[in-house]
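Throw the hints in and build the complete structure from the sequences for me.
Note that the protein sequences, when read in sequence, are chains A, B and C.
Start counting the first sequence at 475; every next residue gets the next number (my numbering).
Start counting the second sequence at 501; every next residue gets the next number (my numbering).
Start counting the third sequence at 52; every next residue gets the next number (my numbering).
Among the clues, some could well be false.
To be verified - Straight line, CA to CA, 20 Å or less: simulated SDA-like cross-link-like pairs of lysine to any residue:
(1) 504(B) x 987(A)
(2) 714(B) x 983(A)
(3) 437(C) x 677(B)
(4) 85(C) x 618(B)
(5) 536(B) x 438(C)
(6) 635(B) x 957(A)
(7) 536(B) x 432(C)
(8) 255(C) x 842(A)
(9) 445(C) x 740(B)
(10) 226(C) x 740(B)
As the list claims (entries may be wrong) - Cβ pair distances, simulated, as ranges:
(11) 660(A) x 811(B): 31 to 41 Å
(12) 353(C) x 828(B): 34 to 44 Å
(13) 181(C) x 836(B): 35 to 45 Å
(14) 353(C) x 668(B): 17 to 27 Å
(15) 710(B) x 1011(A): 55 to 65 Å
(16) 264(C) x 803(A): 55 to 65 Å
(17) 657(A) x 614(B): 54 to 64 Å
(18) 1003(A) x 566(B): 51 to 61 Å
(19) 329(C) x 684(B): 51 to 61 Å
(20) 838(B) x 329(C): 42 to 52 Å
These are computed hints drawn from the structure, not numbers from a lab.
All values reported here derive from a predicted model rather than from experimental measurement.
Heads up, the beta-carbon is just placed ideally off N, CA and C, and yes, glycines get one too.
Okay, here's what each chain looks like letter by letter:
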Amino acid sequence: MLRFLSKRLYRKENRQQTNSGRRHGQDQVKSGSNSNPKSGQDPIIYDQKFKNIRLSKNIQDNIANIKDSMNNNFDIKVKEFKLGSWDIYGVVIYVESLANEDLILKHVVSPLMLCSSPEAERGDVILFNDIKDSMVVADYVKEVETLDEILFAIMSGDTFLCIQGYQKGFIISSKQYVGRQIGEPILEPSVRGSQEAFSEILKNNIGLIRKRIRDPNLAIETHRIGRRSEMEVLIVYLRDVTNQDVVNEATRRITALDVDSILCAAELGLYITDDPNSIFPLYQITERPDRAVRGIMEGRVAILMEGGTDALLVPVTMPILLQSADDYYENWFVASVLRLIRYGGMLVSAFLPAIFIALTTFHPGMLPLKLVLTVTGARGGVPFPGILEAILLLGFLELLQEASIRLSRVIGQTVSIVGGLVIGQAAVQAGLVGPIMIIIIGLTAIGAFAFTDYSLGLATRILRIPFMILSASLGIFGLSMGMLLLLIYVASLESFGVRYIRPLSPYRIKDIKETVIKGKDLARKERPTFLYTANGNRQSPKGKKGES
Amino acid sequence: MKMKYLTPSQILVLVVSGVLGIDIIMVQHNIVSIAKQDAWISLALSGLLVFIAAIPIIYLMLAYPRKDAPQIILAVAGKWLGRAILIPLMVFFIVYAGLSARIFAQVIRVFLLESTPMVVTVLFMVIVVIYLLSKGVYTIGAVLDILFPLYIITLMFLIIISASQIDPSNIRPILFRNTSNTVKAIIPGFNHFTGYAMVAYFMCYTQEKKPAIKAYILGLGIPIFFYVALTIICIMVFDVGSLGVTFYPTLGLAKSVGFQSGILDRLESFMATFFISMVFGSMIIFTYGSVRNITEFFSIPPKGEKYVIYAHLIILPIVAFAISKDGDVLEFYRNSKYIDTFVFLIFVPLMALWVGIRRRKGRPK
Amino acid sequence: MGGYKKEERQTKVKRAIHIMIIMSLLLCTGCWDKKEIEQWGYVLGIAVDPPTLGKGTGSKEGEEGAAPAGFRQMDISADKPTYDMTIQLPIIKESPSLAASGGGGGPESGSPSKTWQITQTGDTFLSMEREIESRTSLTLFYGHLQVLVISDSVARDGLDKIADFFLRHREIRPKVDIYIAEGSAKKILDVSPKIEDHSATYLKQLLMNSDRSSRIVHKADLRATMNFIRAGNDFVLPKVEANKEEIKIKGGAIFKKAKMVGWADEMDIESINFIRDLYRGGVIVGDRPGDEPGLISMEVTKSKGKIKPIITGDQVSFDIFIKIQGEYDGQIGFLSDKQADKAYMDKCEKEFTKVVREQCNRTIKKMQEEYKADVFQLNKILRTSKPAYWEEIKEDWDEIYPDVKINLDVEVKLKQLGNFK
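In structure tokens:
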């Protein structure tokens, strides 16, 4: 608790100094920050210390210097070679596990080694700029002089090229990270539409988005976070649509971060959320590029990060979290009904056991006579009070769920069969729990599976217990007061300046058609107004093309 | 980026929630005991009176678009006279909110929880109210917005399903040798519309005044409709004799309507559950009003407002339990409303008049 | 930095508030009203009888394993008990799967009783209720009370004397049906029905068929009855008779100002339903038109009854219009060989009209002369539609009613023919 608290305060403190946010802009290579406000603490590794070390003319010095700075690790490759017919030596340094070795040898080293130019015949000395301009074939080639830039480039997979006799060197792009290629969505499967999912490689991910938005207005801002991990974070949005306030806010929160490392977007979300105490997700995590694109098209901001299969979408509201990718591939009416069923699932998942407990232990009069007699008969010899019975079963259910996630799929199935059938059946037969309670808890679990957003599902799973306790102590009155408390809490939440329950309140039919249910596709002409987009029209307001 | 204003639809919701509080479960009993089978006429007339009484309020709200009620009062009536007018309002709002909680706890006791001490129910309600207050005006707007359809649907549902039980002859004869009683019941009827003026506490947060005023007027129509409709139905179902001895006819109505749904029986407990949100709505609005009154009365800076809110955590339960007998509570509650009626029927029109005169005088200069 | 500090202070205050809320919620965790669903005893039916013990009769005959008299008799301060109250509780078995899987006792031999009738003698119902609770392991719950059966001797004494407990009770709902039993009311609850599990639910379900036969008094729940009593109206309540396995609604009990004055037979009930516009469906039987023997019958699909007061001078009379629509249902005693043409139908209509008029006239006469009970609620019609006149004669209505002239106008229309010609 305390650690958590201090982390939160720490972050807040950092937010104060947005002006001194480090490493801005689209420049891939760090431009260097001028001052480190907390130099007394953990030093930022590429700063200060290496900033003043410049290259020397002697490449052997340079090699030693660099290898030294990198602890002589085994995967740092140093390859020396002779430039064509000149008697000049050059060297390339790169990290074997991050760089594309093939590319370096073919397009950097070999042109340099094989070059035989008229200048060489004449005995002229090769010009430094010629290497950059006409010999090396690569994405980009950049001149560098100081060690900090060089080290950072090498650590991110680029190659450092250094020629004897110059106090300068080149950074040549050669990143090739190992990782999975595009996979299938696991948490958010869909029936129709794209079956692609983000993978751990940022370049692929941005490609998945790019190939769906062929608009020059798609803006991608790059930031780096993590003092040690220095991972790339991309803020993706449509420049002429998205509300600039949201973009600024996201940028501010990301650049204000000062942590060792953040490993993926899902983790990043916890650092930039509006309310770290909220059990409800205040940002949307998705592994589906089509969902991310739909979010961007709505005028929201996508935040992508190296290392995870997730993208964050902000701002988000609760109704948006209950949408599914499939909604957009079905008829509007069907999709609306499905969405409403999902709302029902949410209510069932959070409240059903509590309602059942309240009705059976406090208000048997509210159930019709036959049901009362059935329930009473079914409870028969159960030795526990209803609340304990429910909590026992719920605990069992959660355990089962947790166990089957951690296990491999093959064993997981066994666990669910053993858990669901054998133990459940045995518990009923032994008279430890009543069959009706099994039905109720089962329904609850099914309700939670209707969620499209995993984190929201987790939140409702957590909510069940306090609601059950409330209804076991004050009956339906306690339950409805608890619901009111929850409603107040949810209504007070905000996600990047947008209230979490919009558009449920204030009502706006068009927004509700856009989010809570789905309007006719041709009639959905506007973007949700609560996002305050710069350009609110999704379709031409007049009608179809050619009509007027 | 944030919603820094209330929309007209939220104003409508605030108006309706302000008026439809605990009163909806008692209004029929109170008015029928005076006006017999013509109670609904009295209520309709009181409704008309509400519309008339709303005119000076609208005028004042338009004259001071960026001020809420206590600020307007202080601005119009001056520092000392304004405070003198604020005192009865301050007292009334606290009494209203506290007694709402108390009376509803009594209802809960009858219909939901028999042996749970009322302290618990009252405290719980007050805590929730304070929690919402601490979240600010916009959250209040949002929460009531979501609760609103809930209780409108509940009331409509009640009206529709009790339609099968009515005996239309019970309402006759209309106005037979009963006119004086009917007229006599207008002011008590008007008392049940307390809260129609509460919009003055929220109007300053709206962006455009015209649609907001329209929403206000429309919003006044809704409680009038429900009062009259429910009273007519109650008279038709219960007859005047039985209605005179039923404390909470609306819930009694739910109790006597046979509703065989197959899943939920015993409609009155169900209704009582839904009425929780309704009573909660009016409580929150009045407590908010009380917080504003006290803040302005003592000129507490905006920062200190939250301490005023937390003070209500103690004040409201004390008010709720100041009277020990249930019957006395109902009586006191009924009578306390004359304070509000007095202020809003006499002082507010006078203030509006004063503003009007001052403006007219000011214009030629 | 100042902003940061303020923010911190605010979070501290917020946290304090949160903790306070949570603490008070914990304090609230009381469970005052908590009771597991199987700990309630659901009272399905109540029977009210005159006291049997006071007369020293001991346990009644036909009562198997009856509780000893000492159990039933409660210590009361008043001299003699005033009522016998019998409640019916369902005996709830564990569900079959539980019983079969060896949870509790196996299948029991014979057909065990599914209900338990407990009789208590005492002075007030509340004290009797609590006294019964000292004899059961359950807390009595009245929310599911289905029927109230009242013995005629209690009813003759006045329903208003006992009604308050049932009306005021917070669990009993005003839609509970009231039945009047001739003799012992407990006997009705003692019935063990064939299909339903409990006699109370069985009795409740009987009214379901009131749209098929209007010889049943329907709309006789507690609320309606109380409204009648409060308004000073006369009314009828259904009368029930029972043997060991069956209950029948047989006619009704006539009440005059909360006091029962006599019985009405089924035909009377039908007439009352016609006149008071409560008719929901039934059959009319008449003689075959012409001289040949045989019976014809029609099923009533729609009936409209209307009462109109007419004041001439200071005399009042009533015009009653009954408009009946229906379906020619068939005949008995002969087979229709010729076509059912218009002439035949007209004759049938006339015959049915005659039957209904005679039946209604008989009932009106019976009510006016024999019982002097205004079960058609003419006084209410007078009060609501002629308030000025009613104010004058209000006091004397009881004397005026038996001699009031009532004109009956019946009109029967056969709308549909049914399947055959």
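Do the hints match the structure? See the list:
1. 504(B) x 987(A): This hinted pair is violated, its Cα atoms lying about 23 Å apart.
2. 714(B) x 983(A): Holds, at about 19 Å.
3. 437(C) x 677(B): Holds, at roughly 12 Å.
4. 85(C) x 618(B): Given that 20 Å is the threshold and the Cα spacing comes to 16 Å, the pair holds.
5. 536(B) x 438(C): 14 Å, holds
6. 635(B) x 957(A): Given that 20 Å is the threshold and the Cα spacing comes to 16 Å, the pair holds.
7. 536(B) x 432(C): 18 Å, holds
8. 255(C) x 842(A): 14 Å, holds
9. 445(C) x 740(B): OK: residue 445(C) and residue 740(B) at ~17 Å, within 20 Å.
10. 226(C) x 740(B): Status holds; Cα separation ~18 Å.
11. 660(A) x 811(B): 31 to 41 Å: At 53 Å between Cβs, range violated.
12. 353(C) x 828(B): 34 to 44 Å: 53 Å, violated
13. 181(C) x 836(B): 35 to 45 Å: With Cβ atoms ~38 Å apart, the hint holds.
14. 353(C) x 668(B): 17 to 27 Å: Distance hint for residue 353(C), residue 668(B) holds at roughly 19 Å.
15. 710(B) x 1011(A): 55 to 65 Å: 27 Å, violated
16. 264(C) x 803(A): 55 to 65 Å: The hint (55 to 65 Å, Cβ to Cβ) holds, given that residue 264(C) and residue 803(A) are roughly 57 Å apart.
17. 657(A) x 614(B): 54 to 64 Å: 59 Å, holds
18. 1003(A) x 566(B): 51 to 61 Å: With Cβ atoms ~25 Å apart, the hint is violated.
19. 329(C) x 684(B): 51 to 61 Å: At 37 Å between Cβs, range violated.
20. 838(B) x 329(C): 42 to 52 Å: 46 Å, holds
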